[in-house]
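**Student:** So the protein sequences, as listed, match chains A and V.
Just so we're aligned: the first sequence equals residues 1 to 646 in the numbering used here.
Just so we're aligned: the second sequence equals residues 1 to 251 in the numbering used here.
Among the hints, erroneous ones may be present.
Example chain V residues on the side facing chain A (calculated, C-beta under 10 Å, incomplete) [stated by the list, open to error]:
1) D2
2) L3
3) L5
4) E42
5) V46
6) D57
7) G80
8) A156
FYI, nobody ran anything at the bench for these hints, they're computed from the structure.
The C-beta atom is built at its ideal place from N, Cα and C for all residues, glycine as well.
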Amino acid sequence: MDKLDAKIPQGPLAEKWTNYKAHQNLVNPANKRKLDIIVVGTGLAGASAAASFGELGFNVKAFGIHDSPRRAHSIAAQGGINAAKNYPNDGDSVYRLFYDTIKGGDYRAREANVYRLAEVSNAIIDQCVAQGVPFAREYGGLLDNRSFGGAQVSRTFYARGQTGQQLLLGAYSALSKEIAKGSVKMITRSEMLDLVVVDGRARGIITRDLITGKIERHAAHAVVLATGGYGNVFFLSTNAMTSNGSAAWKAYKKGAFFGNPSFTQIHPTCIPVHGDFQSKLTLMSESLRNDGRIWVPKSKEDAEKIQKGTLNPTDLPEEKRDYYLERRYPAFGNLVPRDVASRAAKERCDAGYGVGSTGLAVYLDFEDAIKRLGRHVIEARYGNLFQMYEKIVDENPYETPMMIYPAVHYTMGGIWVDYELQSTIPGLFVAGEANFSDHGANRLGASALMQGLSDGYFVLPYTIQNYLADQISVAHVGTDSPEFDAAEKSVKEVIDKLLAVKGTDTVDTYHRRLGMIMWNLVGMGRTGEKLKKAIVEIQELRASFWKNVKIPGKNEMVNMELEKALRMTDYLELGELMARDGLLREESCGGHFREEHQTPEGEAMRDDENFSFVGAWEYTGENKEPKLNKEPLHFEFVEVKQRNYK
Amino acid sequence: MDLTLKIWRQPSTDEKGKFVDYQVQDISADASFLEMLDVLNEQLVVNDEDPVAFDHDCREGICGACSLYINGRPHGPDKGITTCQMHMRRFKDGETIVIEPWRAKPFPVIKDLMVDRTAFDEIIRAGGYISVGTGGMPDANAIPIPKRDADIAMDAASCIGCGACVAACKNASAMLFVAAKVSQFAMLPQGKVEARERVQNMVSKMDELGFGNCSNTYACEAECPKEISVSHIARMNREFFSSKLISEKEK
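Work out the full structure, taking the sequences as your base and the hints as a guide.
**Tutor:** Now the structure itself:
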């Protein structure tokens, strides 16, 4: 159990981070030059961390799978970034942002981490503005805010519907500045295939050059993973095509514990699935819920007519519509947290009130907002989203209500880290979506960008020094150790083994099959029975994959099928761990909804007596059951109660 | 729908390429263009042929990875969208579609439809940033910025770095890409401090990398998936000339 020391600093909540910084170990400038750091992933968390390390004077090597760091999937975040600035004078504070985030996560996150996140949120906005991020402004020239789910204040800063893009380009420009200076060496189109651990410490990685197939070794004093989430295990998700869980999974298999793997966010406002050719799902920003009203018909007869196309939704009078979020949650209305909104949509569709040709959709209607504010205002706020919708669905959302349905969007689970963002492997730090830390069982909207930049700009540059301070006597780490030999050998063996299968089914057919298992059995409505079934089905699918997958070509070339296959081998193991974690957690909390555990009103029912802990899974070997370690969660500063958005 | 695809196949940068014809059947009108290529690639893998390499990632028009030249136009026939946002309902049953990579000397073909756009990163590294370190920044509302200026900066900043402007230009000029970044910072007080060095360094890096000159055909604006205006090029030219004049004066 001593491995799971979260290292939370002593003292009152508001003083913990200040105390930590006042007493941590630092590295002096002359010694920083002698220390090497590897950063894997250059999205918001990775790019901001790599740039900040470079500015401090460390030698940084940054790795990305894309042709440029500007393409990381942080770029697709639409709605905004939270901060406790309280510019609108509507009652916000660091404490309230902290409280909303802890509550939104259904009391399954660490108080100290979440408080620190809220505390540094304001510095993030200052930082981004200084970098030239063009946030939305009001006519007086000051920054504009809007509201997001799970909050009663307007604390979300945004840049049209492209906030993630603008923040990533800010971090990318900071990174570019350091690359030009020579403090960061950027290696693009390169994928990490293993972590190298020497004498119990993370000392390097093995990568594959995605153009030549060359397997390479890289060593450093510390390794930072900022490789994003693993939502693509579901095949259909809002994640980018190449977003994957492999780096985190390799770290897990080298000894890093995996925290709360089953905690998945199903986002309520995505464009519904249509057709079996579909490769990914597209999100419609949560910010739309500021002005859009969600409804389905009150009667099943009307729902059926709409499904068949014999009734036009705009012809259905107001009194025949069920604005079910406003009905069930009058205090928060359409702005309830994502898990609550998603479940409510599923409940209506399962009961037969869904719309669209499949019946698996609800309406997000802007008619009232257009009447109230005028079309030009709606266009200015959401124009690019409406255009995206029209291109995909071929309907004009200014005239016909948008159809939306929940889809996999984000994974709150990830590598377990302590307060310093260090995993159970000394020297391995994990940032952004790749770690499990701040969102508990449900992430609030506009909090992912906040966490990525908090970890990269304002947390890691401090905490990594506390680790590196006692590494100054270690000379540059070499790559000619038996541990590097063994890691490289095992990577090459896996590639050879995959290429040798020469079966009949493509990687994508397996990915689709895994996605169906995950969505149906480990998705929005979980039961013990479904989860047990999922474990068996995933094991069968994994066995079939290794016997029957078909990968063309060889390693020494651009081989995207091989890239996909390598990621797939990890999904086929990770999916099983997600099911195990969901099975263990005999309660409902946030996005983890066990149908056996709900209140009479259908709300998630937590079991704080037995499950107020982080489930941190430990790898025990090939085809062996993983071991569960528990980090108990202590709530000293907030009162834990059932979430109430009524 | 059934389609004939004429696709540029090139094994590597140094080898010669050629067009190869492929047939795809039963493509849904609701499929995206890249999903249609997924269908083709599945077909090729099953038949033991080499799948077509192309860059793509977010598939929602924001990462800038996809870069196909479709029927003679970057990102295909529709205005204001990327290749991944193009849907097959835009094409007719039985149509022949010609698919090529971006063609520009500074963007060498890596394989098939995949090109190397690191030249864009190099231009950004020459000055496409504001030189502030992490931390210790003044309050974000300390400098009010007129909404109009902030909006123009945002228009420029919406560039996704896909390279369609270069591919569309007969001179393979990168003026719109460079101007978008120069213009974003020129509109903001934070960007003024380094404005002179920025525009000169970025422009000379662009020239050094082999991008051509601008001859004002506006093809870049017409094909830009984010519809970035050539007025940013005019702003960059003003920035460039005034910075040159001041530099001369100081000599």
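**Student:** Indicate, hint by hint, whether the structure satisfies it.
**Tutor:** Results of checking the hints against the structure:
no.	hint	verdict
1	D2	violated, 15 Å
2	L3	violated, 14 Å
3	L5	violated, 16 Å
4	E42	holds, 6 Å
5	V46	holds, 7 Å
6	D57	holds, 4 Å
7	G80	holds, 7 Å
8	A156	holds, 8 Å
This entry does not satisfy hints 1, 2, 3, going by the numbered hints stated previously.
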